[in-house]
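Number of protein chains: 2
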Amino acid sequence: MMMTTTASVLTATETQTTQSPTMDLWVTERFNNAGFTFKVNRVVHSSRSEFQSLDIVDTEAYGRLMLLDGCVMTTEKDEFIYHEMISHVPMFALPTPAKRVLVIGGGDGGTIREVLKHPSVEEVVLCEIDGDVIKYSQQYFPTIGCEIDNPKVTLEVRDGVAYMANLAPESFDVIMVDSTDPIGPGEGLFTQRFYTDAMNALKPEGVLVAQTESLMALPEGVKKIYGVLKDVFPYVTGYCATVPTYPGALWSWSFCTKGTGVTPFSHFDASQVEAIAGDCQYYNAGVHHAVFALPNFAKKLIQPKV
Amino acid sequence: MMMTTTASVLTATETQTTQSPTMDLWVTERFNNAGFTFKVNRVVHSSRSEFQSLDIVDTEAYGRLMLLDGCVMTTEKDEFIYHEMISHVPMFALPTPAKRVLVIGGGDGGTIREVLKHPSVEEVVLCEIDGDVIKYSQQYFPTIGCEIDNPKVTLEVRDGVAYMANLAPESFDVIMVDSTDPIGPGEGLFTQRFYTDAMNALKPEGVLVAQTESLMALPEGVKKIYGVLKDVFPYVTGYCATVPTYPGALWSWSFCTKGTGVTPFSHFDASQVEAIAGDCQYYNAGVHHAVFALPNFAKKLIQPKV
Numbered sequence: 011m012m013m014t015t016t017a018s019v020l021t022a023t024e025t026q027t028t029q030s031p032t033m034d035l036w037v038t039e040r041f042n043n044a045g046f047t048f049k050v051n052r053v054v055h056s057s058r059s060e061f062q063s064l065d066i067v068d069t070e071a072y073g074r075l076m077l078l079d080g081c082v083m084t085t086e087k088d089e090f091i092y093h094e095m096i097s098h099v100p101m102f103a104l105p106t107p108a109k110r111v112l113v114i115g116g117g118d119g120g121t122i123r124e125v126l127k128h129p130s131v132e133e134v135v136l137c138e139i140d141g142d143v144i145k146y147s148q149q150y151f152p153t154i155g156c157e158i159d160n161p162k163v164t165l166e167v168r169d170g171v172a173y174m175a176n177l178a179p180e181s182f183d184v185i186m187v188d189s190t191d192p193i194g195p196g197e198g199l200f201t202q203r204f205y206t207d208a209m210n211a212l213k214p215e216g217v218l219v220a221q222t223e224s225l226m227a228l229p230e231g232v233k234k235i236y237g238v239l240k241d242v243f244p245y246v247t248g249y250c251a252t253v254p255t256y257p258g259a260l261w262s263w264s265f266c267t268k269g270t271g272v273t274p275f276s277h278f279d280a281s282q283v284e285a286i287a288g289d290c291q292y293y294n295a296g297v298h299h300a301v302f303a304l305p306n307f308a309k310k311l312i313q314p315k316v
Numbered sequence: 011m012m013m014t015t016t017a018s019v020l021t022a023t024e025t026q027t028t029q030s031p032t033m034d035l036w037v038t039e040r041f042n043n044a045g046f047t048f049k050v051n052r053v054v055h056s057s058r059s060e061f062q063s064l065d066i067v068d069t070e071a072y073g074r075l076m077l078l079d080g081c082v083m084t085t086e087k088d089e090f091i092y093h094e095m096i097s098h099v100p101m102f103a104l105p106t107p108a109k110r111v112l113v114i115g116g117g118d119g120g121t122i123r124e125v126l127k128h129p130s131v132e133e134v135v136l137c138e139i140d141g142d143v144i145k146y147s148q149q150y151f152p153t154i155g156c157e158i159d160n161p162k163v164t165l166e167v168r169d170g171v172a173y174m175a176n177l178a179p180e181s182f183d184v185i186m187v188d189s190t191d192p193i194g195p196g197e198g199l200f201t202q203r204f205y206t207d208a209m210n211a212l213k214p215e216g217v218l219v220a221q222t223e224s225l226m227a228l229p230e231g232v233k234k235i236y237g238v239l240k241d242v243f244p245y246v247t248g249y250c251a252t253v254p255t256y257p258g259a260l261w262s263w264s265f266c267t268k269g270t271g272v273t274p275f276s277h278f279d280a281s282q283v284e285a286i287a288g289d290c291q292y293y294n295a296g297v298h299h300a301v302f303a304l305p306n307f308a309k310k311l312i313q314p315k316v
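First to last, the protein sequences are chains A and B.
Using this note's numbering, read the first sequence as starting at 11 and increasing by one per residue.
Using this note's numbering, read the second sequence as starting at 11 and increasing by one per residue.
A portion of the hints provided could be inaccurate.
Unchecked claim - In silico contact screen, one side only, chain A against chain B (beta carbon under 10 angstroms); selected entries:
| id | residue |
| --- | --- |
| 1 | Val53 |
| 2 | Pro107 |
| 3 | Lys109 |
| 4 | Ser224 |
| 5 | Asp289 |
| 6 | Tyr292 |
| 7 | Pro305 |
In case anyone wonders, no lab produced these hints; they're calculated from the structure.
Glycine included, each C-beta is placed from N, C-alpha and C at the ideal position.
Model the full structure from these sequences, guided by the hints.
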């Protein structure tokens, strides 16, 4: 299914003026009976794409915020944590520097921005189902969507599940599954079929990472996702970091390989980190090791297969 | 200033029945224009002590929750992270196992519960300014306040600043400053005078840890606290972990010594961890190292003096 990036199903609402400063406006994401709330200075944009509602607001505490179907996707203030974690951890784990990288989801562009810091990269494919996410990120999040037009980027605005099923074997050094939650348009990205296709598309010494949800707010979901991953991949572990604006804050990512001896540390060379990722706000060589030191309760949920 | 633990200034409200299930009741802590919100099943207790308001509610997502002056102090579901972090990190760093430990604040009892897992401990002094926190934690948080009556615990219900000023030199192996925020009753616990007295009360190879606020929600405050600590102690570093229900989630603690060669790792013996802290939900030997691997933005705020 190929889609254009231009049209929203409903007309977008553009608010050109700042809301009255006397109005105490807040936006809240509630998930499993708890939530995060932000004071809002201005509703910048609201529209509905073929797949989901998309809202952009300016918050007082976290800068500009994008919501999809009412769920926080990214904020200007803390996006660096999620995007540095999903990208640099696998990139620095490879035995040889990555040339071809695939990002599934990630239409805001933050993940590819980090990937492109690695000079070895010749092509990044960004496969995002919802062209509106790309379009409005470029328009409204200049610090996040800034590399989407980079000539090394190939845009595939289509369903990641179908895209993955049709790839030639051993196409990519790294696959990053930068999805929304298991409910909604991202649902197919949590299935055994999808991960079997992903393993097929991965080079022998490649690494697949996926965002695997909140250890605190969705523990049973985490367990289930790792069950699926361990059914498919010979080597599966997980790592975690804090994303303050995501439900439960303590977020997890999987690290999966074909079992050819590539672990998070087997080929890690700390001396390369400063030159490539020295401007990172979160990631560094110490963090690369630290994020795999799982708290006891997280170990029980992930149960690494190593 | 000595106080009794019995009387609240205002009469406590006890709600014996569960709120009507059709009422959509939420409690929200807002801090610097962002906040965390919890669905509430029942308001268990509300009172006002000499120092602060104290509310206890049953939440759907995080179990029972205590608020002081409207700020989240502890929840049944995630309290283990904060309490394991402030206690086991210094306890396992000592050259010889701790005999005498001082906890300033920490009236809920969670920190001393963890300290008392260490069999070497002969006495823990719990110096909490507000006797109501102790009283209602014992009454309403049986899994947290469970060790307050332990014969090894000495209760000092008084101001921690005055208590610290009158201690004999080299009285304690570990001092844990388990305070509220720098505004309100905890204010004096963030001053140079207090930390000078604390250093004096610390044994030569002792360790002081203090909760040092949110790296994400109060970065300038963190910087200021570490400035004060570095004015006093010859060796100051920091560590961090996620407390989902605290503002900004990514929380910090300081690790300070008298500069006698005791670092977080200098005397750490991973083989001791399982026997003493094997039932922890967060802390383990890997976590002990990992929490000191600061993200780049946290390094800039803390600027360790090592």
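Status of each hint after checking the structure:
1. Val53: 16 angstroms, violated
2. Pro107: 22 angstroms, violated
3. Lys109: 27 angstroms, violated
4. Ser224: 9 angstroms, holds
5. Asp289: 9 angstroms, holds
6. Tyr292: Nearest chain B Cβ about 4 angstroms off; hint holds.
7. Pro305: This hint holds: Pro305 of chain A lies near chain B, its Cβ roughly 4 angstroms from the closest one there, short of 10 angstroms.
Hints 1, 2, 3 from the list above are not met by this structure, while the remaining hints are.
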